[in-house]
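So the sequences go chain by chain: A and B.
If you use the working numbering, the first sequence corresponds to residues 39 to 438, in order.
If you use the working numbering, the second sequence corresponds to residues 24 to 311, in order.
Take these hints with a grain of salt, some might be off.
From chain A, some residues computed to sit far from chain B (all C-beta separations above 12 Å) [said to hold, decoys possible]: (1) D235; (2) L343; (3) M361.
Label pairs and their calculated CB-CB ranges [to be verified]: (4) B:K62 <-> A:D228: 57 to 65 Å; (5) B:A66 <-> A:K184: 36 to 44 Å; (6) B:V303 <-> A:H205: 18 to 26 Å; (7) A:D228 <-> B:Q207: 27 to 35 Å; (8) B:I282 <-> A:H205: 50 to 58 Å; (9) B:T153 <-> A:E42: 52 to 60 Å; (10) A:P183 <-> B:P180: 53 to 61 Å; (11) B:V303 <-> A:G85: 43 to 51 Å.
Keep in mind the hints are simulated off the structure, nothing from the lab.
Idealized CB from N, CA, C, for every residue including glycine.
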Amino acid sequence: MRQEPPILEVKHLYKLFAPHDFRGDRKMAYKLLELGATRKDVLETTGITAAVSDVSFEVKRGELFVLIGLSGSGKSTLVRCLNMLHRPSRGEVLMDGEDITQYSEAQLRELRRTKVSMVFQHGGLLSHRDVLGNVAYGLEIRQVPKEERQARALEILRMVGLEGYEHEALGSLSGGMKQRVGIARALANDPEILLMDEAFSALDPLVKNDLQFELLRIREQTGKTIVFITHDINEAFKLGDRVGILRDGRMVQVDTPERMLEQPADEYVRRFIHNVNASKVLSVRNVMTVPGCIVKQSDGAHVALTNMRTSGVSSAYVVGEAMHLRGIITLEGALGVREGRLTFEEAIIKDVPLVDNPDLPIADIVPLAAKAAFPIAVVDEDHVFRGIVTKASVLSSFVA
Amino acid sequence: MGQWLTSFPGIRLHIAEPIDHFVRYINITYGAFFVSSKKLLGAFISAVNALLDLIPWWLAILAVAAISVRCLKSRRKALLYGGMLFMVGLFGYWEMMCETLSIVITAVLFSLLIGLPIGIALAAVKGADTFLRPLLDAMQTMPTFVYMIPAVMLLGPGKVPAVLATVVYAVVPVIRLTSHGISQVDEEVVEASRAFGASRWQTLVKVQIPQAKPTILTGINQTMMMAVAMVVTSAMIGANGLGMEVLIAINRMESGRGITAGLSIVIIAILLDRLTQGLVQAGKEDPQ
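Could you put together the complete structure from these sequences and hints?
As structure tokens, this is what we get:
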């Protein structure tokens, strides 16, 4: 296992976009890039855009390798060089030791049908087909018989948690579910390598969390090698066994997240890691849920007990006029009232963990969540009860 | 001296005459070809006409009503459209309507046969658009009578040159919208298809054409409407039918006759438009 050769090896890869094909300019561009010229310099002197320049890295079998960079850093171009959607201008892409840049069109089709699949940022799904038709697409291209490909597609749909949705039209699915369809479509081919181009970037934070978890699970289950593209450093560190940072088409550093945090290669990497962490935007509103059990103050202990029993919980939120939060009543408290030991008013616990601004960043309520005995109640500025945040949802929303 | 400043100088480009010669030359040299193709196309039109005549009037009206109910989901429209078709019969134009329809249907069929592949090729070949766009523009803006002259010269008067001129005029939208629809397909979707190892042909058939279907169908609908619009014009070169009625009415100053024949053409246009749109919509609601 230790000495196994890498499944994917990229050696000195370049991808130039030239407005015209003039060999002299290309030569000059390579020369400049080899001398370490920036992309801007090359563009100004030769008119050529160096999307990817001199990138080398390798990916081990079963590894989850993350390529990260800001928009325009060349990460999408680079990933498209890995299945030859873009033909590299120079350099080698070795898969199991074979240089796929030398492949013919027919060989490439075979490669894409069996060995490398891709998940796209916006899905790239076929809106004229249902979920099953989309998942079976790759197999259809390989001319797998209909029965067989549908059976296989159903199996994969089960794996990504879309069982029962096989005949839904795509338009009726949420963004997260569409992306699951995209992943299922890619997995249906049983590829060795899965390329994911900003697959979760367009999703909202909670759905993103779900899918990240899902991806890690699928990876555990299938052992696929994954190359994952993102611009989100949190996502990169959460998912990646190793992470490669791209800047202006060049690879700045390839390392494990831990090593990268400990020893950033340069100031750029340091800032990259730091900045993105600080701008985390998930707020309380994003993780807030509906409370399981509510009793009106005017209802009293009997109603509270019945509600708790039917909801299967051991405490209930007590609200007054216009959904103003009064406190929590526990099972013991309610029983005490029924036995006449307490009045209803006395039984209400007023000291409830509380957040009075739904737009507060989650990071700010972590200390509160850590020591709270009950879920945190969320009220707005008028003290109207809006929802609750459980300890688990606060912690699980935290990345890496 | 100096005259050329105030009025156009005496230089002239004489191309009208060479064009005449050219058409005459083709007519003589390939006469046999035109005669046999006229026979073939003429037979096709007659066959369509015969087919239409086979359908009893009440069945046609029932069919229109049934399509309205099923696809447009409206009994009121079923009654309206069925009634409109009944009106054509009341005007005494049922046979003529079939004659006109046979020309329109033939022209539309040939337009699609020519237009769909050209439209697809246009989207596939980069740069083809730059050459073909001005040609398509010219075909559409050229006064339609101009097509009539060579058509008549080569094929003689009748329904065949009418179909030919109609095709030249009506083929444009289906080419345009087919090509537009295919090149408008989401880049990422086409890329995804390639990423799964699809060949160009597979991508075209399984992704691009189905994705472009609504736009292509709009093109077909427009082609149909333009073919109907040519009905009166093509009567000028001897195509019988409702168009001829209008023409006769003009010559004899018979307003009533002109209006009833004209109304019948309008009814045909409305029915073709609404019913095909209804069929398209019904197809969209339950994909496969």
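* **Range hint 18 to 26 Å (beta carbons of V303 of chain B and H205 of chain A) holds or violated** => Check passed, 22 Å falls within 18 to 26 Å.
* **C-beta pair V303 of chain B, G85 of chain A: status relative to the range 43 to 51 Å that was hinted** => Since the Cβ atoms of V303 of chain B and G85 of chain A sit about 47 Å apart, the hinted range of 43 to 51 Å holds.
* To do: Just double-check L343 of chain A for me: nearest Cβ-Cβ distance to chain B has to come out over 12 Å.
  => holds, 51 Å
* Outcome of range test on Cβ distance (T153 of chain B, E42 of chain A; 52 to 60 Å) -> holds, 53 Å
* Given the hint of 27 to 35 Å, check if D228 of chain A and Q207 of chain B actually sit that far apart at their C-beta atoms. => Taking Cβ atoms as reference, D228 of chain A and Q207 of chain B lie about 33 Å apart, which means the hint holds.
* D235 of chain A clear of chain B by more than 12 Å, beta carbon to beta carbon? -> The assertion about D235 of chain A is violated, with a minimum of 9 Å to chain B.
* To do: Measuring Cβ to Cβ, find out whether M361 of chain A lies farther than 12 Å from everything in chain B.
  => Non-interface label on M361 of chain A holds, nearest chain B Cβ at 42 Å vs cutoff 12 Å.
* **Distance restraint hint 50 to 58 Å, applied to the beta-carbon atoms of I282 of chain B and H205 of chain A** => holds, 53 Å
* Indicate whether the distance between the beta carbons of P183 of chain A and P180 of chain B respects the range 53 to 61 Å. => For P183 of chain A and P180 of chain B the Cβ distance comes to about 57 Å; the hint holds.
* To do: With respect to the beta-carbon atoms only, verify the hint that K62 of chain B and D228 of chain A lie 57 to 65 Å apart.
  => holds, 59 Å
* Is 36 to 44 Å right for how far apart the beta carbons of A66 of chain B and K184 of chain A are? -> With Cβ atoms ~42 Å apart, the hint holds.
Hint check: a violation occurs at hint 1 only; the rest are consistent with the structure.
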